[in-house]
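Order-wise, the sequence lines are chains B and E. Under this note's numbering, residues 17 to 128 are what the first sequence spells out, in order. Under this note's numbering, residues 23 to 135 are what the second sequence spells out, in order.
These are calculated hints, taken from the structure and not from any lab test. Treat the hints with caution; some may be incorrect.
[Said to hold, decoys possible] One side of the interface only, derived from the structure: several residues of chain B facing chain E at Cβ under 8 Å:
id	residue
1	23
2	59
3	61
4	62
5	64
6	118
7	120
8	121
[Stated by the list, open to error] Interface residues of chain E toward chain B, partial, derived using beta-carbon atoms under 10 Å:
id	residue
9	63
10	82
11	83
12	85
13	91
14	106
15	110
16	129
We put the CB at the ideal spot given by N, CA and C, even for glycine.
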Amino acid sequence: GEDVEQSLFLSVREGDSSVINCTYTDSSSTYLYWYKQEPGAGLQLLTYIFSNMDMKQDQRLTVLLNKKDKHLSLRIADTQTGDSAIYFCAESIWENNNDMRFGAGTRLTVKP
Amino acid sequence: DGGITQSPKYLFRKEGQNVTLSCEQNLNHDAMYWYRQDPGQGLRLIYYSQIVNDFQKGDIAEGYSVSREKKESFPLTVTSAQKNPTAFYLCASKEASGSAEQYFGPGTRLTVT
Numbered sequence: 017g018e019d020v021e022q023s024l025f026l027s028v029r030e031g032d033s034s035v036i037n038c039t040y041t042d043s044s045s046t047y048l049y050w051y052k053q054e055p056g057a058g059l060q061l062l063t064y065i066f067s068n069m070d071m072k073q074d075q076r077l078t079v080l081l082n083k084k085d086k087h088l089s090l091r092i093a094d095t096q097t098g099d100s101a102i103y104f105c106a107e108s109i110w111e112n113n114n115d116m117r118f119g120a121g122t123r124l125t126v127k128p
Numbered sequence: 023d024g025g026i027t028q029s030p031k032y033l034f035r036k037e038g039q040n041v042t043l044s045c046e047q048n049l050n051h052d053a054m055y056w057y058r059q060d061p062g063q064g065l066r067l068i069y070y071s072q073i074v075n076d077f078q079k080g081d082i083a084e085g086y087s088v089s090r091e092k093k094e095s096f097p098l099t100v101t102s103a104q105k106n107p108t109a110f111y112l113c114a115s116k117e118a119s120g121s122a123e124q125y126f127g128p129g130t131r132l133t134v135t
């Protein structure tokens, strides 16, 4: 199974907040990431958090990290139709920072 | 205009043919990566290179080969030995292997029939 797990689908109304959740298994993860992928495109780095932090905010995006539960979430405030995409959670491990593990992605659909 | 370019965006090949996917970056990054993406799955690492003239196998290297003769270029060859080559291929780079931020190219969709 996946080392990084995400629910596959999320649907919200425009203007609502979206919360995308992720769990990971490696307690030695150094960085945890959120990427956005639009149809037919590459991955866009949205934000990342160092494992000794528990929160990071960047405009409409808020990342929360619960290291005890190995749970990462991405909250998008005031969700817009342009936020519709697949969101990937990923972790990397300091000892082998070339080893980046991705979840299967959460497809966010924003309804007008 | 800095970034990572991959060409072509779509590629079609007959079974049994080798095909090379291009990845170029002008970000002056040392580390470069190739991933494969299949529908409904996360990305899987094929090969990576931390520095020119050096590269390492990732999780699914069988049936693939790479070279890193120049810092800015990291081409991937999908050989006829790769059993299921049809996929979306993504190239990425980082300033150095210890850096946090990894950036992706736009991808190449390879279809083999």
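message = Min Cβ distance, residue 61 of chain B to chain E: is it shorter than 8 Å?
response = OK, holds: residue 61 of chain B within 8 Å of chain E, min 6 Å.
ask   = Once the shortest beta carbon distance from residue 62 of chain B to chain E is found, is it less than 8 Å?
value = violated (11 Å)
message = For the restraint on residue 106 of chain E, tell me whether the closest CB of chain B is nearer than 10 Å.
response = It is violated, given that the least Cβ distance between residue 106 of chain E and chain B is near 18 Å, above 10 Å.
inquiry  = Would the hint on residue 59 of chain B be counted as holding, given a Cβ-Cβ threshold of 8 Å to chain E?
reply    = Where the cut-off is 8 Å and the nearest Cβ of chain E is about 4 Å from residue 59 of chain B, the hint holds.
inquiry  = Let's test the interface hint: is any C-beta of chain B closer than 10 Å to that of residue 110 of chain E?
reply    = Holds, because the Cβ-Cβ distance from residue 110 of chain E to chain B comes to roughly 8 Å (cut-off 10 Å).
task = Hold the hint about residue 121 of chain B up to the distance rule: shortest CB distance to chain E must be less than 8 Å.
result = holds (7 Å)
message = Let's test the interface hint: is any C-beta of chain B closer than 10 Å to that of residue 82 of chain E?
response = violated (13 Å)
ask   = If you take the shortest Cβ to Cβ gap from residue 64 of chain B to chain E, is it below 8 Å?
value = holds (6 Å)
message = Next item in the hint list is residue 83 of chain E. Is there a CB on chain B closer than 10 Å to its CB?
response = At about 13 Å, which exceeds the 10 Å cut-off, the nearest Cβ of chain B leaves the hint on residue 83 of chain E violated.
key: Hinted contact residue 23 of chain B with chain E - closest CB pair below 8 Å   = This interface hint is violated because 13 Å lies over the 8 Å limit.
key: Interface hint compliance - residue 63 of chain E to chain B, C-beta minimum distance less than 10 Å   = Holds, because the Cβ-Cβ distance from residue 63 of chain E to chain B comes to roughly 5 Å (cut-off 10 Å).
task = Go through the hint on residue 91 of chain E and say holds or violated, using the shortest Cβ distance to chain B against 10 Å.
result = Since the shortest Cβ distance to chain B is 20 Å, the answer is violated.
In summary, the numbered hints that this structure violates are 1, 4, 10, 11, 12, 13 and 14.
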